[in-house]
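Asker: Residue numbers (my numbering), protein chains in the order written: chain A, 710 to 998; chain B, 24 to 280.
Honestly, the hints are just simulated from the structure, not real lab data.
Even glycine gets a Cβ: it sits at the ideal position worked out from N, Cα and C.
Just so you know, not all the hints are guaranteed correct.
Listed next, the in silico DMTMM-like pairs over lysine to aspartate or glutamate satisfying Cα-Cα at most 25 Å (straight line) [unchecked claim]:
1. A:K960 with A:E899
2. A:K721 with B:D33
3. B:K129 with B:E44
4. B:K129 with B:D33
5. A:K960 with A:D948
6. A:K721 with B:D269
7. B:K129 with B:D165
8. A:K721 with A:E899
9. B:K129 with A:D948
10. A:K721 with B:E132
11. A:K803 with A:D958
12. B:K129 with A:D718
13. A:K960 with B:D167
14. A:K960 with B:D165
15. A:K721 with B:D50
Stretch by stretch, here's where chain A covers chain B in the computed footprint (C-beta under 8 Å, at least three residues) [said to hold, decoys possible]:
16. 26–36
17. 68–81
18. 153–165
19. 271–279
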Amino acid sequence: MGSISTRSDIFKRQAQGYGVVSPFLLTGPGATTAAAAASGSISVKLLMNSLGTTYQGTLIPLQLPAGLTGPLRTVHSIGGCTSGRTVYLGIAYKMGTLDLTATGDKFTADSATFPVTRTVFGAATTAVNLLPVLVVTTATTVTAPVIILKKSDGSAGYTNQAGSTVVGTRSMTFPANATALSSAFLLPLEFGDSAVQKITNIQVTTAATAGAATIYGVEMFSAAFTSVNSSPAEGTAIDSVFSGLAMDDIKPAVATSGTATTYLVGVSLNANSESNLPCTGVFSTVLDS
Amino acid sequence: MGTTLRSTDDMLNASVTYGPENVLLFDTVGNTTAANTTSGYVSGRRFPTPYTVPSLGAGVTAGLYCTARAIIRQNETSTIVGFETLLGTLTVNGNSFAAGSSMPTKTVEGTSITTAAICSFMVATTALGGATTPTVTITYTDQDGNTGNSAALTTPSNPTVNTAYTISPHLASGDTGIRAVTNMSISGGTSGVLKVYGLLPIIVVTHIGSQSESQNDVISTPITIWPAAANDIIATYNFGSTTGTDLALMLYALADN
Numbered sequence: 710m711g712s713i714s715t716r717s718d719i720f721k722r723q724a725q726g727y728g729v730v731s732p733f734l735l736t737g738p739g740a741t742t743a744a745a746a747a748s749g750s751i752s753v754k755l756l757m758n759s760l761g762t763t764y765q766g767t768l769i770p771l772q773l774p775a776g777l778t779g780p781l782r783t784v785h786s787i788g789g790c791t792s793g794r795t796v797y798l799g800i801a802y803k804m805g806t807l808d809l810t811a812t813g814d815k816f817t818a819d820s821a822t823f824p825v826t827r828t829v830f831g832a833a834t835t836a837v838n839l840l841p842v843l844v845v846t847t848a849t850t851v852t853a854p855v856i857i858l859k860k861s862d863g864s865a866g867y868t869n870q871a872g873s874t875v876v877g878t879r880s881m882t883f884p885a886n887a888t889a890l891s892s893a894f895l896l897p898l899e900f901g902d903s904a905v906q907k908i909t910n911i912q913v914t915t916a917a918t919a920g921a922a923t924i925y926g927v928e929m930f931s932a933a934f935t936s937v938n939s940s941p942a943e944g945t946a947i948d949s950v951f952s953g954l955a956m957d958d959i960k961p962a963v964a965t966s967g968t969a970t971t972y973l974v975g976v977s978l979n980a981n982s983e984s985n986l987p988c989t990g991v992f993s994t995v996l997d998s
Numbered sequence: 024m025g026t027t028l029r030s031t032d033d034m035l036n037a038s039v040t041y042g043p044e045n046v047l048l049f050d051t052v053g054n055t056t057a058a059n060t061t062s063g064y065v066s067g068r069r070f071p072t073p074y075t076v077p078s079l080g081a082g083v084t085a086g087l088y089c090t091a092r093a094i095i096r097q098n099e100t101s102t103i104v105g106f107e108t109l110l111g112t113l114t115v116n117g118n119s120f121a122a123g124s125s126m127p128t129k130t131v132e133g134t135s136i137t138t139a140a141i142c143s144f145m146v147a148t149t150a151l152g153g154a155t156t157p158t159v160t161i162t163y164t165d166q167d168g169n170t171g172n173s174a175a176l177t178t179p180s181n182p183t184v185n186t187a188y189t190i191s192p193h194l195a196s197g198d199t200g201i202r203a204v205t206n207m208s209i210s211g212g213t214s215g216v217l218k219v220y221g222l223l224p225i226i227v228v229t230h231i232g233s234q235s236e237s238q239n240d241v242i243s244t245p246i247t248i249w250p251a252a253a254n255d256i257i258a259t260y261n262f263g264s265t266t267g268t269d270l271a272l273m274l275y276a277l278a279d280n
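With the sequences and hints as input, model every part of the structure.
Answerer: This is the structure in structure tokens:
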């Protein structure tokens, strides 16, 4: 058990210098290709730390001091955008890459072994359930790829939220022959499944002439903000202490083996592919011992 | 620690008995220099005219800055207002360091605490000259009282006046706070002054729209209500833009007894 057991402890720990209060300016990749019904209907944007207004080719996540031990728990966040949206704080774990230029089993898993785990309800090394997100890293050309979460020999494609291996039956068709760079979509899970703990295989059943993607598992936290698309637009504050009672540990969960590549990001789930608008704010955390 | 924060009635009584403080401040900052991955990641600037907490009357032990409102004419930026401590000064010409103060001791939730800044910034209070992507090394005492740790920031060339760089991403591994700065040095440059400030946040706000204002009610937000002493400094930092802008800041404080 850590050193925080009361609200008073939170403020004392922060006063002593244990925590992070940091401004952020998030940006997304600009105009992308919207999801269609056959590609999950929900467009996803992983918002990264902005340097200027350009989405950095080398992704830059929200920054934290290095080498912290102990949970880093959310206390408060405030943020806003000039577009109506909700942005969640989350961690994107790189699960692997996908070659879209040929049919077959084209998923290459990351060197880290999934699932990633953290303590949940007192149980250590509990597998974390992740939102499976595909991000286009090379725009597709000529043909809209079709993928399915299984291996071509019929074996499983992912491990679901219950820890069971699943052979996918639902395919995903990219929304356009030319699906733009950085377009992102939710991978199609079987009905009844809500998340993945691990992805093992992805079969490309229709290939594009060009195209590639990175597959992320996204852990979403309660800390978020919602912008109201009004005039003037407004931001919001999220209280994890007094009203939320959801002080997430935003340090990454631990891979079963190896070290996962992780990004602390803003996650925006929109119904369309609107041109990206920056999101600004400040988040406050306390370092538990 | 007094009685003002015990209850809503105590707060009302303090307001009526001692009189609250209402402060309206105007300030302006010009264009500043952007941050990069080696200098804080988020562009920032410090408004150059901070506020000094006035003397406290008889029976008053501290000022409690409970509510604040900030208007900034810069879309998509965020602001942190806080009690500021000058931790150290580096005069570039001659690479000369002068120590400032340590972070103050404050009573928080009834406990006397040696504070450490989890918000700390390096500010060009005089624009740098002759400094080509300089590396500034800041040696500090960390949140545990350990001495000799260092943070290194490499900034763009010749940061302009009032440019502020966030230090926390560059602290030594395992550190989150700074109690004191014991040395600063720069790799090159012929003129300018850099200062390291530690901030105890009072409010955090965002600004959306061309003339946006935000209000932060500290009572209902999980931010520490610091007891302010006479002559404490309240400074304002804005993040997310390098374009000059104006600030109107309103502070509302109750007296603690």
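Asker: Taking the hints in turn, state whether each one holds.
Answerer: We went through each hint and held it up to the structure:
Taken as a hint, the A:K960 and A:E899 pair is broken in the structure, with Cα atoms around 30 Å apart against an allowance of 25 Å. In summary, the hint linking A:K721 to B:D33 is supported, as the alpha carbons are separated by about 23 Å, within the 25 Å threshold. Taking the CA atoms of B:K129 and B:E44, the gap is about 20 Å. The hint holds against a cut of 25 Å. For the hint pairing B:K129 with B:D33, the CA-to-CA distance comes to about 21 Å; that is within 25 Å, so the pair holds.
Of the supplied pair hints, the one linking A:K960 and A:D948 holds, its CA atoms being roughly 19 Å apart against a limit of 25 Å. Proximity of A:K721 to B:D269 is assessed by CA-CA distance (about 34 Å); at most 25 Å being required, the pair is judged violated. A distance of roughly 17 Å separates the Cα atoms of B:K129 and B:D165; the hinted pair therefore holds under the 25 Å criterion. Restraint check for A:K721 and A:E899: the C-alpha separation of about 47 Å exceeds 25 Å, so the hint is violated.
In summary, the hint linking B:K129 to A:D948 is supported, as the alpha carbons are separated by about 24 Å, within the 25 Å threshold. Using a Cα cut-off of 25 Å, the hinted pair A:K721 and B:E132 holds, with the two alpha carbons roughly 7 Å apart. Note on A:K803 and A:D958: the hinted pairing holds, with a Cα-Cα distance of about 19 Å set against a maximum of 25 Å. A C-alpha spacing of about 15 Å is found between B:K129 and A:D718, which places the hinted pair at or below 25 Å, so the restraint holds.
A hinted pair counts as satisfied when its Cα atoms are at most 25 Å apart, and A:K960 with B:D167 qualifies at roughly 21 Å. A C-alpha spacing of about 21 Å is found between A:K960 and B:D165, which places the hinted pair at or below 25 Å, so the restraint holds. For the suggested pair A:K721 and B:D50, the alpha carbons sit about 32 Å apart, so the restraint of at most 25 Å is broken. Check result for the stretch 26–36 of chain B against chain A: violated, 0 residues qualifying (beta carbon to beta carbon below 8 Å, three or more required).
Coverage of the stretch 68–81 of chain B by chain A is violated in this model, with 0 residues showing a Cβ closer than 8 Å to a Cβ of that chain against a need of three. Beta-carbon proximity to chain A at under 8 Å applies to 1 residues in the stretch 153–165 of chain B; the threshold of 3 is not reached and the given coverage is violated. Check result for the stretch 271–279 of chain B against chain A: violated, 0 residues qualifying (beta carbon to beta carbon below 8 Å, three or more required).
Hints 1, 6, 8, 15, 16, 17, 18 and 19, counting from the list given before, are not met by this structure.
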